[in-house]
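**Student:** Protein chains in written order, with this note's numbering: chain L, 1 to 435; chain B, 1 to 142.
Hints are computed from structural coordinates only; laboratory data are not their basis. Since the structure is predicted, the reported quantities are computational estimates derived from the model, not experimental observations. Virtual Cβ for every residue (Gly too), placed ideally from N, Cα, C. Treat the hints with caution; some may be incorrect.
[Stated by the list, open to error] Simulated restraints, written as ranges between beta carbons of each label pair: (1) L/Thr367 to B/Thr69: 37 to 43 Å; (2) L/Asn338 to B/Asp53: 47 to 53 Å; (3) B/Asn62 to L/Arg167: 18 to 24 Å; (4) B/Asp50 to L/Gly198: 42 to 48 Å; (5) B/Glu19 to L/Arg431: 30 to 36 Å; (6) B/Asp53 to L/Asn366: 50 to 56 Å; (7) L/Ile405 to B/Glu61: 50 to 56 Å; (8) L/Glu281 to B/Asn62: 21 to 27 Å; (9) L/Val425 to B/Lys107: 53 to 59 Å.
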Amino acid sequence: MKRYYQKDIETMPVEQIRALQEEKLKKQVKHVYEHVPYYRDLMDKKGVKPEDIKTLDDISKLPFISKYDLRETYPYGMLAVPLKDCVRIQSTSGTTGKRVIAYYTQHDIDLWEDCCARAIVAAGGSDEDIVQVAYGYGLFTGGFGLNGGSHKVGSLTLPMSSGNTDRQIQFIQDLKATILCCTPSYAAYIGESMKERGIKPKDNTLRAGIFGAEPWTEEMRRDIEKSLGIKAYDIYGLTETSGPGVAFECEEQKGMHINEDHFYAEIIDPETGEVLPEGQEGELVFTSLDKEAFPLLRYRTRDLCVLTREKCSCGRTFIRMKKPRGRSDDMLIIRGVNVFPSQIESVLLQEGYAPNYRIEIDRVNNTDTLDVYVELSPDQFTDTVGAITDMERKLSAAIQAVLGIHPNIHLVAPKSIARSEGKAVRVVDRRKLLD
Amino acid sequence: MAIRQLTIFVENKQGKLVEITRLLAENDINMRALSIADTKDFGILRLIVDDTDRALVELGENGVMVKITEVVAVEIPHRPGALSKTLTVLADAGINVEYLYAFLASKGQGAYVVLRVADNKAAEKALTKAGYLVLNDADCID
Chain L
1 MKRYYQKDIE TMPVEQIRAL QEEKLKKQVK HVYEHVPYYR DLMDKKGVKP
51 EDIKTLDDIS KLPFISKYDL RETYPYGMLA VPLKDCVRIQ STSGTTGKRV
101 IAYYTQHDID LWEDCCARAI VAAGGSDEDI VQVAYGYGLF TGGFGLNGGS
151 HKVGSLTLPM SSGNTDRQIQ FIQDLKATIL CCTPSYAAYI GESMKERGIK
201 PKDNTLRAGI FGAEPWTEEM RRDIEKSLGI KAYDIYGLTE TSGPGVAFEC
251 EEQKGMHINE DHFYAEIIDP ETGEVLPEGQ EGELVFTSLD KEAFPLLRYR
301 TRDLCVLTRE KCSCGRTFIR MKKPRGRSDD MLIIRGVNVF PSQIESVLLQ
351 EGYAPNYRIE IDRVNNTDTL DVYVELSPDQ FTDTVGAITD MERKLSAAIQ
401 AVLGIHPNIH LVAPKSIARS EGKAVRVVDR RKLLD
Chain B
1 MAIRQLTIFV ENKQGKLVEI TRLLAENDIN MRALSIADTK DFGILRLIVD
51 DTDRALVELG ENGVMVKITE VVAVEIPHRP GALSKTLTVL ADAGINVEYL
101 YAFLASKGQG AYVVLRVADN KAAEKALTKA GYLVLNDADC ID
């Protein structure tokens, strides 16, 4: 079985990767400067010319691009090739404002699909596999990205799209799918639904899953692995850089290898914009080194994470990114305390609850309130009120120990919290509605 | 000897109790006794019904969180001071009652008391020794 999809690149010595990146960066900066007036203006304002970029470290001279710039230039302002050279668009959901439209030439699609193919092979996939893609197909990058990667690997691809859980399970059972690709919350839901139908983890043919597109915790990974009887691999990406496959996990499950031949990663201080050394936590910034149509330079992802060059036993030399702690715009400030929903999820799973929860923040008499709704499972349910209120108290104390603020816990009936077939919406911030 | 009680989790939301009672009605299941413990967010409904197994299946299949709890049921006379006497027997035996509810017997003059205790066997022993009739499932649904 192949261990790598493109061995020469994935195991290239670090100096060679950096030399390759440097060469590509110089070319890319010139391409963008010449074809994207908006970015040319940003560079001119900073007094930077493409000739000033001589080494990789010179990248710090370049201006950042943020979501703000993408909104300003919507829909065509970041396009770097004639529209007739583009073959596809993909788009974000637009939940945090105006949607972002990303353009692709055939070359861009190819490199994106290569990245996804690397992820599938790293998860043990080959042409012997049957890959069930239960990410949404359409403008969302998840479905088409993994679909393309699976084709490249030569796996039999089941283009299920998300939803219709009965049919998902039927295909897993009847066609004997071996690799499942979807959001982690949907994977958890499929696992839960299989259990309800009396299908044991060992009775399905799945052996790996490639899950991404939303933040998830290590505890959730173990939960999914147990319920589906698989090894669960994380995959990272965002529409602005192409889609899933910017980084992917290998069998070590210790951070995701960034496809460095296509993407240059930096960690910066989100306040000052200063580049931070390896190992320090900060905001992840990506530069697309190869993309033609929508080549963002120094795009600020708002994801907070850490990079490491530590050697990986899988043999890949690509730098690894730890699972992002959360997107900085997912972070909630409750009574002045920074709270990531993932922290609450960790505690819930550690305390033996299912990953079905809803977080509600409100403001009552000028004080922020935090309410966590979590489903009680039938085996936790007892006939005395005391036992259940004790569980609520215990959970509340465990969350308070992590966050430093007191949450109101509400144990609710199983299935009463809506399941997600795509990206889960777990936080309702009513304070925002008041503003 | 203990009898089987249905224990049902009910969220404090409009229509939740209707949902449960309607399911029982549609399946022609008769309730003999009922008690609810309520908190701000949820209630726990405890039921003695004439067809426990079918109620369990019907409710479960319709997404109701339900389980069986074994409780002790005992017949006592229907007159002032009777319950007090019964509870004294349990207290003297060092048995703590977590909750209880009562209903009238359908035949005879007595009342039935359903008791939730930590140790059913010990409670039954103490009650039998004091001359009480400890009931089984069939006694309760007649």
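**Student:** Decide, hint by hint, whether the structure agrees.
**Tutor:** Hint check:
Separation of L/Thr367 from B/Thr69 is about 40 Å and conforms to the stated range, judged on CB atoms against 37 to 43 Å. For L/Asn338 and B/Asp53, the Cβ-Cβ distance of about 52 Å falls inside the hinted range of 47 to 53 Å, so the restraint holds. For B/Asn62 and L/Arg167, the Cβ-Cβ distance of about 23 Å falls inside the hinted range of 18 to 24 Å, so the restraint holds. B/Asp50 and L/Gly198 have their C-beta atoms about 29 Å apart, which leaves the hinted 42 to 48 Å range violated.
Range check, B/Glu19 to L/Arg431: about 33 Å between beta-carbon atoms, so the 30 to 36 Å window is met. Range check, B/Asp53 to L/Asn366: about 54 Å between beta-carbon atoms, so the 50 to 56 Å window is met. Checked against the hint of 50 to 56 Å, the C-beta distance between L/Ile405 and B/Glu61 comes to roughly 40 Å, which is inconsistent with it. At roughly 48 Å, the beta-carbon separation of L/Glu281 and B/Asn62 lies outside the given 21 to 27 Å, and the hint is violated.
Between L/Val425 and B/Lys107, the C-beta spacing of about 56 Å keeps the proposed range 53 to 59 Å intact.
Of the numbered hints stated above, those contradicted by the structure are hints 4, 7 and 8, listed in ascending order.
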